[in-house]
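Participant: These protein sequence lines map, in sequence, to chains S and Y.
Going by my numbering, the final residue of the first sequence carries number 438, and the count climbs one at a time with no gaps.
Going by my numbering, the final residue of the second sequence carries number 331, and the count climbs one at a time with no gaps.
In case anyone wonders, no lab produced these hints; they're calculated from the structure.
On a predicted model such as this, the values are computed, not experimentally measured, just so you know.
One should not assume that every hint holds.
[To be verified] One-sided excerpt, in silico: chain Y residues whose CB lies under 10 angstroms from chain S: (1) A241; (2) S242; (3) A244; (4) C246; (5) Q250; (6) N252; (7) D260; (8) A262; (9) P271; (10) T275; (11) K296; (12) L298; (13) E302; (14) Q324; (15) T325.
[Unchecked claim] Only pairs whose alpha carbons sit at most 30 angstroms apart, straight line, appear in this in silico BS3-like list of lysine-lysine: (16) K420(S) to K296(Y); (17) K231(S) to K302(S); (18) K252(S) to K287(Y); (19) K314(Y) to K402(S); (20) K322(Y) to K120(S); (21) K314(Y) to K387(S); (22) K114(S) to K314(Y).
[Said to hold, decoys possible] Okay, the calculated bits of chain S under chain Y, using three or more residues with CB under 8 angstroms as the criterion: (23) 107-113; (24) 194-208; (25) 268-282; (26) 341-352; (27) 408-416; (28) 427-433.
Just so it is clear, CB atoms sit at the ideal spot from N, CA and C, and this is done for glycine as well.
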Amino acid sequence: MNNTNQFNRRDFIKLAGAASALVVSNSGFARATKPPIGRVVVIGGGYAGATVAKYLRLWSLGSIEVLVVEHNSQFVSCPLSNLVLGGSKSINDLTFGYDALKSNHGIKWVQDTVTAIDASAKKVTMLRGELSYDRLVVAPGVDFNYDTLPMLASAEVQQQIPHAWKAGWQTVNLRKQLEAMPDGGVFVMNVPKAPYRCPPGPYERACQVASYFKAHKPKSKVIVLDANAEIISKKGLFTKVFNETYAGIVDYRPDNAITGVDVVTKTLSTDFDKIKADVLNVIPPQRAGKIAQIANLTEKDYPWCDINFLTYESKLVPNIHVLGDSVAAGLPKSAHMATNQAKVCANAIVQLFAGQAPDPAPVFANTCYSYVTDKSAMHVANVYRYDEGKKIMVSAEGGGVSMSPSEKEGAYAVAWAQNIWADTLT
Amino acid sequence: MKSTQNTRFKNSWFKDSAFLALLLTTSVCMPLIGHAAEVSAFSDVQNIHIRQLAASCAACHGTQGNSVAASGDDGANAVLAGMAPAEFTEKMLGFKDGSRKATVMHHHAKGLTVDEINQLAVHFSQQKRVVTTALKSQTLKAGHE
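Isolated chain S (complex conformation) (with noise of 0.2 angstroms):
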């Protein structure tokens, strides 16, 4: 689009803003030729990337033109996937497709990867062609950081010691690995320090082992070297689950930081400790995704982006909206946060684009489950409200966890996956 185009295209739309109520009725007539109010590149097909994409088609009524690009044909859960080491899911429960998301909604695709962002010129460069935008959207998930630990950064290791933290292939290896250990064996993962992606989520994982190893090789061992100085989730009910459920199989050292890895041998260097492993699962320490560090969403000295938490605009960069794991804020880096950040951002981005102000005091909800066992779960459930004055969501009265964990929450974190699913990707 032009620049006459373009200055007289956001006039007719303050226009339109003050007469809505007469002009709406003959709506009829906008129909037939539909021409885009605005142009919205998403990059990243996860979470927040689907469910930005979604919401903006539909809250726009679908006067907003969205591509996005994602560089996987498909979509793989992260929550759920330690179910896959436990042994009662198959990666392959978790993998889902992206056409009925596209079809239904009208969202224009591109599966290529990002390597270049102009912000001056409003323009996206991939390996095969370049998109201009209105306002982009950025929600690439974390990036791990191998900087305190180069020895793990390289394809060839990970096939010897995954991280698994994306659902995909090295969950699966994992979990075959932990198949393939005798009895007796030793299994070794680390907890990064905070921030990270899903903060419950390896004390889940040392659950979902040691449920496996419970049932099928019960004198292996689970050994969980936690850089943090505690628990950071759940903490009292995770406590009590390694101390009861798995007395004699899980071994929790809080304040124990990875500062070395011996990859041949499998072994864990800490300030205190060599820990020999049988199966090995590092987590590296994690930072906002690659395309955040190429757009300069990031500083230097602080490796998450910092938002405007009204519209998810970037604070460095006007016209780029960042979503997801990436983004600073004191809030658990969860799906259904990523979903909520999207629906707020979409929300926002409607708004603008109609030339009138986005929501001055968004609320949103977050429910997340641990599976403990390969049945019971247990939950952490809060509201979020925007606080006018710190200029960031905080969290309301009244949010909390479980007594304990039961089958019955088991159930319904089944169909909480079930209806994010479907809320992100149909």
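For chain S, the structure is supplied; the task is to place chain Y on it using the hints.
Facilitator: Coordinates of chain Y only, in the frame set by chain S:
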């Protein structure tokens, strides 16, 4: 375009529906006006604040309250689309004040205001019930990371 012109546009030109019809049929620019207006009008009537808060419930209750996994016996993951406002409000206020037994919902209801609960009740009652099923999963392909 200046706001004074906006006002003039609204108050005089658009009141003349014959002129509006002429404009719509003769100007190539008019579809732009019509469509943008439709969006903003939608925003006004639907209350963008509540539509986003309601959409937050979708992780457990489905898009626009159409849960794909309502587990019949204890009312968990209930379908909210088309629920009578009185039923919604009674349940949520019960979760909020503790008079109604809850597993998870008290942690949400206590964080919402009575006004938000009332508005959510109206919002969900207005959503169309669409029977949907859980998404079908696929076999993970070799090329995935």
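Participant: Hint by hint, say whether it matches the structure.
Facilitator: Status of the hints after comparison with the structure:
1. A241: This interface hint holds because 5 angstroms falls under the 10 angstroms limit.
2. S242: holds (4 angstroms)
3. A244: Since the shortest Cβ distance to chain S is 4 angstroms, the answer is holds.
4. C246: holds (5 angstroms)
5. Q250: Holds, because the Cβ-Cβ distance from Q250(Y) to chain S comes to roughly 9 angstroms (cut-off 10 angstroms).
6. N252: holds (9 angstroms)
7. D260: Where the cut-off is 10 angstroms and the nearest Cβ of chain S is about 8 angstroms from D260(Y), the hint holds.
8. A262: It holds, given that the least Cβ distance between A262(Y) and chain S is near 6 angstroms, below 10 angstroms.
9. P271: Cβ of P271(Y) sits 19 angstroms from chain S, so the hint is violated.
10. T275: violated (17 angstroms)
11. K296: This interface hint holds because 2 angstroms falls under the 10 angstroms limit.
12. L298: Since the shortest Cβ distance to chain S is 6 angstroms, the answer is holds.
13. E302: The hint holds - E302(Y) has a Cβ within 10 angstroms of chain S, the shortest such distance being about 7 angstroms.
14. Q324: holds (5 angstroms)
15. T325: holds (5 angstroms)
16. K420(S) to K296(Y): Given that 30 angstroms is the threshold and the Cα spacing comes to 22 angstroms, the pair holds.
17. K231(S) to K302(S): Between K231(S) and K302(S) the Cα gap is close to 41 angstroms, so the pair fails against 30 angstroms, i.e. violated.
18. K252(S) to K287(Y): holds (24 angstroms)
19. K314(Y) to K402(S): With a Cα-Cα distance of about 38 angstroms, the restraint between K314(Y) and K402(S) is violated, given a limit of 30 angstroms.
20. K322(Y) to K120(S): Judged against 30 angstroms, a Cα distance of about 22 angstroms means the pair holds.
21. K314(Y) to K387(S): violated (34 angstroms)
22. K114(S) to K314(Y): Answer holds: K114(S) to K314(Y) is near 22 angstroms, not above 30 angstroms.
23. 107-113: That given contact holds, which follows from 4 residues of the segment 107-113 of chain S lying within Cβ reach (below 8 angstroms) of chain Y.
24. 194-208: As far as the segment 194-208 of chain S goes, the hint is violated, because 0 residues have Cβ atoms under 8 angstroms from chain Y.
25. 268-282: With 0 residues in contact (Cβ-Cβ under 8 angstroms with chain Y), the coverage given for the segment 268-282 of chain S is violated.
26. 341-352: It holds: at least three residues are needed, and the segment 341-352 of chain S offers 4 whose Cβ sits within less than 8 angstroms of chain Y.
27. 408-416: Satisfied; 6 residues make the cut.
28. 427-433: holds (count 6)
Taken one by one, the earlier hints fail for this structure at numbers 9, 10, 17, 19, 21, 24 and 25, listed in ascending order.
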